[in-house]
Amino acid sequence: MKEQLITAIADLKEEEAMSLVRSMLDAGEDPQVILDATGEAVRTIGDRFEAQEYFLPELIIAGDLMKQIAELVKPKLATKVTTAKPLGKIVLGTVAGDIHDIGKDVVGFMLDANNFEVHDLGVDVPAATFVAKIREVQPNIVGLSGFLTLAFDQMKVTVDAIKEAGLRDQVKIMIGGAIMDTNAAQYVGADAYGTNAAAAVKIAKSWTGGM
Amino acid sequence: MRIQRDWHIALDEEQYLAQAGGNLARLMARPSVCADWEAALADARELIEPAAVWDAFPIQEFRHERLVLADGIKIGGGPVVTVVAGATELVVGVCTIGGAISQRISEHMRGDERLRAMFLDDLGSWAVDQVRQQVCRRIEGDAAGRAWHASASLSPGESEWSVAEQAVIFSLVDAREIGVTLNESMVMSPVKSLSLIVGIGPNALGVEGASNCDFCTIRERCSYRDRRLALQAAGQK
Chain A
1 MKEQLITAIA DLKEEEAMSL VRSMLDAGED PQVILDATGE AVRTIGDRFE
51 AQEYFLPELI IAGDLMKQIA ELVKPKLATK VTTAKPLGKI VLGTVAGDIH
101 DIGKDVVGFM LDANNFEVHD LGVDVPAATF VAKIREVQPN IVGLSGFLTL
151 AFDQMKVTVD AIKEAGLRDQ VKIMIGGAIM DTNAAQYVGA DAYGTNAAAA
201 VKIAKSWTGG M
Chain B
1 MRIQRDWHIA LDEEQYLAQA GGNLARLMAR PSVCADWEAA LADARELIEP
51 AAVWDAFPIQ EFRHERLVLA DGIKIGGGPV VTVVAGATEL VVGVCTIGGA
101 ISQRISEHMR GDERLRAMFL DDLGSWAVDQ VRQQVCRRIE GDAAGRAWHA
151 SASLSPGESE WSVAEQAVIF SLVDAREIGV TLNESMVMSP VKSLSLIVGI
201 GPNALGVEGA SNCDFCTIRE RCSYRDRRLA LQAAGQK
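Sequence order for the protein chains is A and B.
The first sequence maps to residues 1 to 211 in our numbering.
The second sequence maps to residues 1 to 237 in our numbering.
Hints in this document: simulated from the structure, not taken from any laboratory.
Please note that the accuracy of each hint is not assured.
Stretches of chain B that chain A covers, calculated by requiring three or more beta carbons in the stretch to come under 8 Å of a beta carbon on chain A [unchecked claim]:
1) 110-118
2) 156-170
3) 179-187
Here are the computed lysine to any residue pairs in the SDA-like style, where the Cα-Cα straight-line distance is at most 20 Å [what the hints assert, rightly or not]:
4) A:K13 x B:A35
5) A:K13 x B:A29
6) A:K67 x B:R30
For every residue, glycine included, the Cβ atom is placed at its ideal position computed from N, Cα and C.
Only chain A is shown next, with the shape it has when bound in the complex (with noise of 0.2 Å):
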């Protein structure tokens, strides 16, 4: 029924996915094993968006699946409270200069619907603010979102600014948009890139060992 699961979540089958959500857990089994098995279909769904079969709707539609899902199967998970704490935290925000959201906020509520606890800045984020949230909530993760080249300097001058406060070694950064690649990664000094909403998933599950 897992590989149903999955097969149902990767191509949107919403209706079909619920029901077998709903079966899996009335029949006793582990929740974490449909959790598990949404972190696999996150991976088929970027693959199908790296490969343009998905767009950001079919991006949307999904993380509001998996949303669905994880309030399901969440209050089952409470009881066990070793896998019932988020898989991390993650300080997220467009940065200056840039008023881009609709990537970053799709990033987010993925993020959230996979058992990660977000810190959503928003948008044209001084890197002042990105310091200040990273102190007050102490997260694993930090996301600097861009569309444009132009924010890649923007980027860079986030990412010195977390080393000047002495935080760098505390947090992983990965950057994020349609235009981002190794070559930006490595300029901004970013530990990873992502161009969709899955890779910032899979990204971030693979930091946390959550997958």
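For chain A, the structure is supplied; the task is to place chain B on it using the hints.
Showing chain B alone in chain A's frame:
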């Protein structure tokens, strides 16, 4: 300084679906997706308030990679000098579709209506680009009326032209007249706004007959460009 608010915004559903790419047309078969789309389209048609302000400034000289305007103000960097080479005046403008649409997008995001927010955001970006294109056609038309040439337009942030130059544009035209302001990190409010420059003059200019897309770093994956070309091909602009 010229201000105009009666721009025609064509939010054509067929054009949108044809150019949106991917599976959107197929996804529309889902009642929830279709409902979000129709609601977003209705929102956009209700909330878009197009406006533009622009003015022309004599160019005193081209100095290295910058233009020096008659009052000593300098503007340039990126591809500016190349594009407007030979111009005797620089037209500087700001256009917007107002802030109501962005407020509605935020409301939808807060209300977990993400798909509707995404459609509305996309429609808003498409609309403000349509205002820009019409402003450019107006500038070209005015130049042609004087038997002058008009260069391609450029917008800070879309090419290798620094977004910091937006401060110069805002010092030249009073965009507050159409409700647009600039913050310290060079972000315009309302966010669905664009600033632009176009060179004009009696002689052939550096780059003519091109669009801002030709200098844009995201042109290969920009659906607005595809839609614009489709609209032009259909003679609907």
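Cβ contact check, 8 Å cutoff: the stretch 110-118 of chain B against chain A, three residues minimum: holds (count 5)
Pair hint A:K13 and B:A29, alpha-carbon separation not exceeding 20 Å: Since the Cα atoms of A:K13 and B:A29 sit roughly 13 Å apart, the hinted pair holds (cutoff 20 Å).
Can you confirm whether the C-alpha distance between A:K13 and B:A35 stays at or below 20 Å? With a Cα-Cα distance of about 18 Å, the restraint between A:K13 and B:A35 holds, given a limit of 20 Å.
For the pair supplied as a hint, A:K67 and B:R30, confirm whether the alpha-carbon distance does not exceed 20 Å. holds, 19 Å
When I compare C-beta atoms, does the stretch 179-187 of chain B have three or more residues closer than 8 Å to chain A? Holds: 4 residues of the stretch 179-187 of chain B have a Cβ under 8 Å from chain A.
For the stretch 156-170 of chain B, does the count of residues with a C-beta closer than 8 Å to a C-beta of chain A reach 3? Result for this restraint: holds, n = 5.
The structure meets every hint from the earlier list without exception.
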